[in-house]
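**Q** Listed below, chain by chain, are the residues.
Number of protein chains: 2
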Amino acid sequence: MPEKVITMAHGGGGSRMLELLEEVVFPALGGGTLLDAEDAAALSLPGLEAGGRIAYTTDSFVVRPLFFPGGDIGKLAVCGTVNDLSMRGARPLFLTLGLILEEGLAFKTLEKALVSVRRWAGEAVVSVVAGDTKVVEKGAADGMYMNTSGIGVIPPGRHVSIRGARPGDVLIVSGCVGDHEAAVLSRREAFDFRVEVESDCAPLNGLVEAMLEAAGGKGADTGRETPGGRAYSRDGEAAGLRSGRRENGRSSNKTEPPAEPSHDGACAVHALRDPTRGGLAASLKEMATASGVVFEVVEADVPVREEVRAFCEVLGLDPLLLANEGKLLAAVAEEAAPVVLAAMRAHPLGKNAAVIGRVLEGRAGEVSLLTPLGSNRLLRMPSGEHFPRIC
Amino acid sequence: MPEKVITMAHGGGGSRMLELLEEVVFPALGGGTLLDAEDAAALSLPGLEAGGRIAYTTDSFVVRPLFFPGGDIGKLAVCGTVNDLSMRGARPLFLTLGLILEEGLAFKTLEKALVSVRRWAGEAVVSVVAGDTKVVEKGAADGMYMNTSGIGVIPPGRHVSIRGARPGDVLIVSGCVGDHEAAVLSRREAFDFRVEVESDCAPLNGLVEAMLEAAGGKGADTGRETPGGRAYSRDGEAAGLRSGRRENGRSSNKTEPPAEPSHDGACAVHALRDPTRGGLAASLKEMATASGVVFEVVEADVPVREEVRAFCEVLGLDPLLLANEGKLLAAVAEEAAPVVLAAMRAHPLGKNAAVIGRVLEGRAGEVSLLTPLGSNRLLRMPSGEHFPRIC
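Protein chains in written order, with the working numbering: chain L, 34 to 424; chain Z, 34 to 424.
Wrong hints could be hidden among the right ones.
Which copy is meant is left open, so a pair is good if it fits within one copy or across any two.
Using 30 Å as the maximum straight-line C-alpha spacing, the simulated DSS-like pairs for lysine-lysine come out as follows [unchecked claim]:
#, residue 1, residue 2
1, Lys171, Lys37
2, Lys171, Lys141
3, Lys384, Lys171
Derived from the structure by calculation, the hints contain no laboratory data.
Please work from the sequences and hints to get the whole structure.
**A** Below is the structure:
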């Protein structure tokens with residue numbers, strides 16, 4: 034029997050599409066509100082208190098190849114969106130899934146990717162509640178593209194933001210950098226050099242919860258003390274320094290709160306970012322810029338696997354520029370850093386967590402790298418002319 | 034000066050991507066939370082009451098050509114998602130936008146599509162709060178694909194669902210069908226026949242609000258009477274009949290309410306669907322199936338523009354199978370139908386609204402079409418082998 038493949042009719046919104054959904058998509062994803070055949074899922078938001086906030090994000094995935102050591106496009110789609118929500122201190126709840134399929138794609142390839150979506154949604158304890166499927170002609174896509182969007186609830190009093198880093202903070206990275214991009218590149222035909230490393234692709238919401246709990250995640254709003262002590266002593270000072278940060282430039286959208294609270298008594302984890310495209314280098318530059326501060330990073334303290342280091346040396350790459358899919362960069366109040374670091378190391382996804390630098394006053398967005406040779410170089414924002422389609 | 038085009042580096046997550054965002058995307062979309070450079074937008078949900086529900090949906094858009102009479106991919110992306118939210122009786126609030134761009138795409142083409150996103154988001158009074166941009170090689174996409182997801186708040190007491198149609202209901206369509214697909218197809222190279230019709234692409238949230246208000250949108254929860262009188266007299270009967278509907282099949286997701294309320298005293302607009310891919314035919318079949326009822330439709334009562342009818346006759350197409358992007362199908366309690374129809378006709382997007390049939394007891398999912406010749410034929414679910422990429 035010939036292998037079943039996607040045809041244009043599977044995108045037509047009729048019985049053929051229904052067949053595809055019932056034969057492959059629903060069984061692989063496991064149903065839930067997807068089976069309701071509604072135009073939109075109707076959902077309550079558990080944990081959302083009156084006046085509370087949600088986090089909302091989206092990502093498309095065009096990774097090549099679709100399957101690679103340690104992951105695949107489906108795992109990436111779930112983790113990427115879960116992680117973006119987690120970087121706001123949100124508890125991820127719901128995902129949507131948009132599929133763009135190329136005519137000729139094997140049913141079993143699609144199924145494998147969707148089974149992975151289901152598995153990792155389960156691991157991250159989120160539900161795929163709505164989806165969409167489009168089909169384009171052979172040659173008008175490259176196998177399969179996925180888009181996910183996600184919603185999470187931000188517990189009251191949590192104000193984690195890329196703009197939150199302030200002088201005195203300690204910079205922590207949750208583990209070895211570069212694994213994801215090294216794993217994906219090593220499976221490209223163009224590379225002879227194979228590296229025995231798996232992608233770090235993983236949902237970070239559990240790790241972030243552990244960090245925020247250790248740091249007194251709900252801050253002064255709940256009247257709780259931060260385990261790390263007086264984590265907020267620098268607030269007054271920081272508030273003045275933050276004037277250098279990028280202006281908010283909000284449009285007339287009246288529905289958002291006017292601005293992030295000024296961290297009075299908020300959580301000791303001030304800022305989070307997951308260093309995906311552009312690697313740790315881009316995340317450092319982005320966070321320092323958005324927060325209006327200077328970062329001083331000790332290059333030798335950034336954890337990098339031996340295999341990845343060797344891979345980079347052979348190919349002339351910088352591990353700081355390689356994408357990660359299961360790592361985070363955090364700016365944490367100095368006083369709380371030991372307890373946050375301990376909580377991270379106690380978590381499977383943070384066992385190689387390390388302090389890599391600190392936050393200083395100065396020219397907004399400057400990232401100074403102390404090299405192993407003892408010199409100091411300014412980190413530049415990568416241009417993006419690295420390798421395409423690693424996520 | 035050569036025309037600026039998308040290069041692979043624009044997808045790399047570095048300074049080149051930032052240039053693209055700052056030069057084209059942010060100015061065109063107008064900023065808001067997009068400018069915050071956060072991993073996810075943090076949002077409050079105005080109108081969400083304690084225990085209230087949201088509607089959440091997603092859609093990808095691969096329409097060809099990108100620009101057509103009456104619309105373009107950007108307008109389509111906004112309206113498609115706004116409409117899906119509206120079909121649950123939700124008030125749309127926020128959208129996300131995922132872009133997959135092909136290497137070589139002109140900046141100005143992207144800009145034109147994004148300006149359209151902004152314009153129609155403004156018309157629909159929704160905000161684009163998060164976005165993502167990926168670039169794939171020349172030949173790995175067809176110019177540009179867009180994905181939107183959307184969130185809306187469902188006011189308490191509103192339980193509009195495709196499963197809500199019940200015997201005795203009247204079927205109403207909001208205007209002439211087939212305009213969108215006719216407009217798009219007439220711009221394809223393969224078609225010699227031009228039809229002077231514009232796509233009906235439009236955000237339907239205003240029309241739906243008008244309908245629900247006329248029908249006593251909040252139902253018994255607010256203690257209000259339905260203007261149309263005793264719209265709910267058939268509830269007891271309907272509850273029994275609805276046992277034939279598709280089983281809900283929810284997974285172990287505990288976060289959703291266990292089931293839709295049984296419509297005791299709910300709004301007289303029982304079910305809504307926007308007939309996009311698969312046309313009115315697919316929506317009739319889907320709604321009759323999901324609601325476990327029979328539909329009887331008078332073909333001659335379905336409004337079709339003369340130009341579209343002529344286009345269909347020349348090409349041997351059925352207007353009921355053509356996609357719409359600014360129309361809805363509603364199942365409305367008989368007693369409330371006159372007032373709902375009047376409210377629709379008073380709205381610019383519903384001025385050609387018409388009663389096209391009624392809901393009967395019987396074999397779930399059967400749609401009987403009374404033809405102009407007086408015969409009765411059973412409508413079949415279209416297979417989807419119509420024309421690809423019309424949205």
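**Q** Look at each hint and say if it fits the structure.
**A** Right, here's what the structure says about each hint:
no. : hint            : verdict
1   : Lys171 / Lys37  : both (15 Å within a copy, 27 Å between copies)
2   : Lys171 / Lys141 : both (17 Å within a copy, 27 Å between copies)
3   : Lys384 / Lys171 : neither (44 Å within a copy, 41 Å between copies)
Checked against the numbered hints above, the structure violates only hint 3.
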